[in-house]
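Relying on the hints, combine the two individually framed chains into one complex.
Read off the chains here:
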Amino acid sequence: MSNYFVYVPFFFLLILIFANACQGENEIKKAQFFTNGKSLYTVNCENCHGVKGEGLGNLYPPLSDTASIQSNRTRLSCMIKYGIHEELIIDNRKFDTEMPANLSLTEQEIAYILTYVGNSFGNELGLVSTEEVSSTLKRCGQDQ
Amino acid sequence: MSSYNLALIGCLLFFSCGQTSKKTLPILGEREAVTKEVNGKTITDTVYQTIPAFSFINQDSVIITEKDFDNGIYVTDFFFTSCPSICPVMSKNLLKVLAKFKDNNQVKILSHSIDTKYDTPWVLKRYADKLGVTGDQWQFVHGSEKDIYGIADKYMVYAKENADAPGGFEHQGWLILVDGKKRIRGAYDGTDNDQVAQLMEDMDILLGENE
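So the sequences go chain by chain: X and W.
First residue of the first sequence? That's 1 in the working numbering, and the numbers climb one at a time after it.
First residue of the second sequence? That's 1 in the working numbering, and the numbers climb one at a time after it.
With the rest of the complex left out, here is chain W (with noise of 0.2 Å):
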């Protein structure tokens, strides 16, 4: 009896420990230290790559900016409407994603077009209407060619035009986590069952981290 009860707390101790040393998440790309002076101490801190400012189109013809995903986290992805490839998984993956965070406002999606031609905002809504996503959690952004891949070099995805791609452009599938601050901190393969419940379980630990 008495090594039985044993048991039983050594147990339930291990499985407390556990739990109480919380994951984090790493904070990814490029960083620097920065030394300044603050009253008259030096001190050196770590700054971070971060996301710069943007303004795109969305699929209301609405303007979406870094501010309008400044209260919370987002997963953004780059595709095009009319991908023969890999975009239909990811949309459909980014739709898991979309039902477990349904209507939490500190969560949002951000798909930029790639396709700058063809995807105007009106292209953009059928694709979302035919998709199913409603209401302004998920947004599709259209912008220019300049623009949208300039900003995809921050993600540190990789899109280019290519006559020889199906479709027509060579992309990355990856969809990349950012935290409230504009930092990357996560990045997973959107074609990836595996990664993308990953990708959730994550997000629950970033959701945390701004508590």
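Only chain X is shown next, with the shape it has when bound in the complex (with noise of 0.2 Å):
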């Protein structure tokens, strides 16, 4: 019986470390991955995007719309790779610049740019695996 009480808790206490220890090493990584992702994004996204997300005018989409960057999460790897050649609605606006590909990102770095994309300007994606994108990349094109 006194086993028992003594058993329990420390049994949950090690779930607890476990548990801890796991998400600890998530976020490490997803720092890791969000300040590879920022000096990506200055090369290849600011141009257009800005500094801020904040796009310019009708011409390049803000990358500040929460609902849009979050509902399209499991295309945003194929259009950073291939680019984007249909008009896409947001921020309740119209856009149709064709977005050129970008063919010599790998896939760690794509996931690099969206982990930082995906948690900055009011994003909040989380990390964004190389997994994920590596996934992501085969379904191009198809119903995803």
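Be aware that one or more of the hints could be misleading.
[Stated by the list, open to error] Once the Cα atoms are required to be at most 27 Å apart in a straight line, the calculated DSSO-like pairs of lysine-lysine come out as: (1) W:K125 with W:K67; (2) W:K130 with X:K94; (3) W:K102 with X:K52.
Hints listed in this document are in silico derivations from the structure and should not be mistaken for laboratory results.
In structure tokens, the structure reads:
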């Protein structure tokens, strides 16, 4: 009986410690992806989409429409890699400027960029992992 | 009390002196000394590089010539609408210039497209619309390859077709300031916020010069 009272709290404590460790690892990864993504964003995206993700007039859409970033999560990798060649409605406005493809970006780099954009400008996507980008890219052009 | 007053007067003198020495802008480009005889006297005059006559078609498919820029100063650049690199930043900065001098008929902006095949007046119109530019203060112009690249040389801006460059063209992001006599008075990096701020200050100086 006394053993039971000792072991059960100990067991829960152990679970808590493991869960925290995992979360900590995830947070570190997210921070690392975010930092790398920021510098890649500056080089590849900022000219059109702006330092604050504000876009430019009705030429280039902002990246601060959190609902649209959220709902397009499974398409963002393809948009970055292969560009956008269709009209989009973002921030209640129509955008039809072609976005160029970025074929030279690797899956890893796209994950960095998406983790940065996905956690800046009001967005809260959390970590976008390389595995997520990889599996999304396999399904580009199909219904996602 | 009296020493305080003296200090105050000193400060005022200092500042008022600082303001009387008006800053002027240099005249850039080549120059040559021309000697001629006027009324039997030999006079040496400096002739500065000026922008020659030009004729382009703007976003409203109207012909635009150097005469449209006769009464005032203008800022000019070279860009193309599908440019993925520096042009969006230059356009964004030119929007600031436009906002500052909105409805000032002494100030104009002239953007030349170096993508002479794709950027027809219709494409330029769509670009201007999407930027939110209306009216005729900011002219986006289309011309033949020979004319556009020829005039770029006159503004001392490098522009060339290059398949290896992002978007297919290689060019410099200068914003060139031209005075009422078609002389180049300044060149500013259109992607640098500090230099664009300097451009707007210098435009005020240049406008003061015309008065």
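Given pair status - K67 of chain W, K125 of chain W, alpha carbons within 27 Å: holds (22 Å)
Pair hint K102 of chain W and K52 of chain X, alpha-carbon separation not exceeding 27 Å: Distance of about 25 Å is within 27 Å: holds.
Hint consistency between K130 of chain W and K94 of chain X [alpha-carbon to alpha-carbon, up to 27 Å]: holds (10 Å)
In summary, this structure violates none of the numbered hints.
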